[in-house]
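Listed in order, the protein sequences are those of chains A and B.
Sequential numbering from 9 applies to the first sequence in this note's numbering.
Sequential numbering from 62 applies to the second sequence in this note's numbering.
Just so you know, the hints here were simulated from the structure itself, not pulled from any lab data.
Yeah, the Cβ is synthetic: ideal placement off N, Cα and C, and Gly gets one too.
Do not rely on the hints blindly, as some may be mistaken.
As the list claims (entries may be wrong) - Computed footprint of chain B on chain A, listed as stretches where at least three residues anywhere in the stretch have a Cβ under 8 Å from a Cβ of chain B:
1) 53-66
2) 78-87
What the hints assert, rightly or not - Now the in silico label distances, taken between C-beta atoms and shown as ranges:
3) A:53 / B:81: 19 to 27 Å
4) A:17 / B:64: 23 to 31 Å
5) A:77 / B:172: 35 to 43 Å
6) A:74 / B:69: 20 to 28 Å
7) B:143 / A:49: 17 to 25 Å
8) B:78 / A:116: 33 to 41 Å
As the list claims (entries may be wrong) - Computed footprint of chain A on chain B; a stretch qualifies when at least three of its residues, placed anywhere within it, have a C-beta under 8 Å from a C-beta of chain A:
9) 72-79
10) 99-110
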Amino acid sequence: RKEVEQDPGPFNVPEGATVAFNCTYSNSASQSFFWYRQDCRKEPKLLMSVYSSGNEDGRFTAQLNRASQYISLLIRDSKLSDSATYLCVVNMVTGGFKTIFGAGTRLFVKA
Amino acid sequence: DTAVSQTPKYLVTQMGNDKSIKCEQNLGHDTMYWYKQDSKKFLKIMFSYNNKELIINETVPNRFSPKSPDKAHLNLHINSLELGDSAVYFCASSQDLGRAEAFFGQGTRLTVV
Chain A
9 RKEVEQDPGP
19 FNVPEGATVA
29 FNCTYSNSAS
39 QSFFWYRQDC
49 RKEPKLLMSV
59 YSSGNEDGRF
69 TAQLNRASQY
79 ISLLIRDSKL
89 SDSATYLCVV
99 NMVTGGFKTI
109 FGAGTRLFVK
119 A
Chain B
62 DTAVSQTPKY
72 LVTQMGNDKS
82 IKCEQNLGHD
92 TMYWYKQDSK
102 KFLKIMFSYN
112 NKELIINETV
122 PNRFSPKSPD
132 KAHLNLHINS
142 LELGDSAVYF
152 CASSQDLGRA
162 EAFFGQGTRL
172 TVV
């Protein structure tokens, strides 16, 4: 089982739709969690950190479920500019520090 | 004003050559990384340095040698380049090890022919 798993997609949604991505992680020692966004042929950029109590940033909501070991990202009112790959990132300390990136979920928002 | 800058942006070279990629960050961060993103877009950490000391060395061929002359720089030297080394290499930095989010450079697209 991979340490961090995401549905690769692609998710094809119309503008204005609500879309949700999940990411599961295997190591319960995982400490911090992030969602990154990567546009085609660009570097990954932090979208938002994921806090235990859940957090929202405009149209984006992130949730963490430690019991089930998954994090989620909800995008409301999708825009064309949301089209990108969304990477789930997990930091863990298990005899040493590790940062694991998920393989990413591709989102296409269409007019 | 670029926070993490790496050069060159593109690198095309022949098999067997030796090449270097440079990275600098002006964020005052303690930790720097090298990542490799292959053709399947999977991003994997190669090395991590904290305060100029090597912290993580994932299973990377010893043809790859990072060098950190100071906290703001982490260069990557690659000897005897192979076709399979073709990928995008990203440098990144974070405030500290383990918790903080990482800031990435624009990437170096390496093509070995």
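Compare the structure with the hints numbered earlier in the document and write down the numbers of the violated ones, lowest to highest.
2, 6, 9
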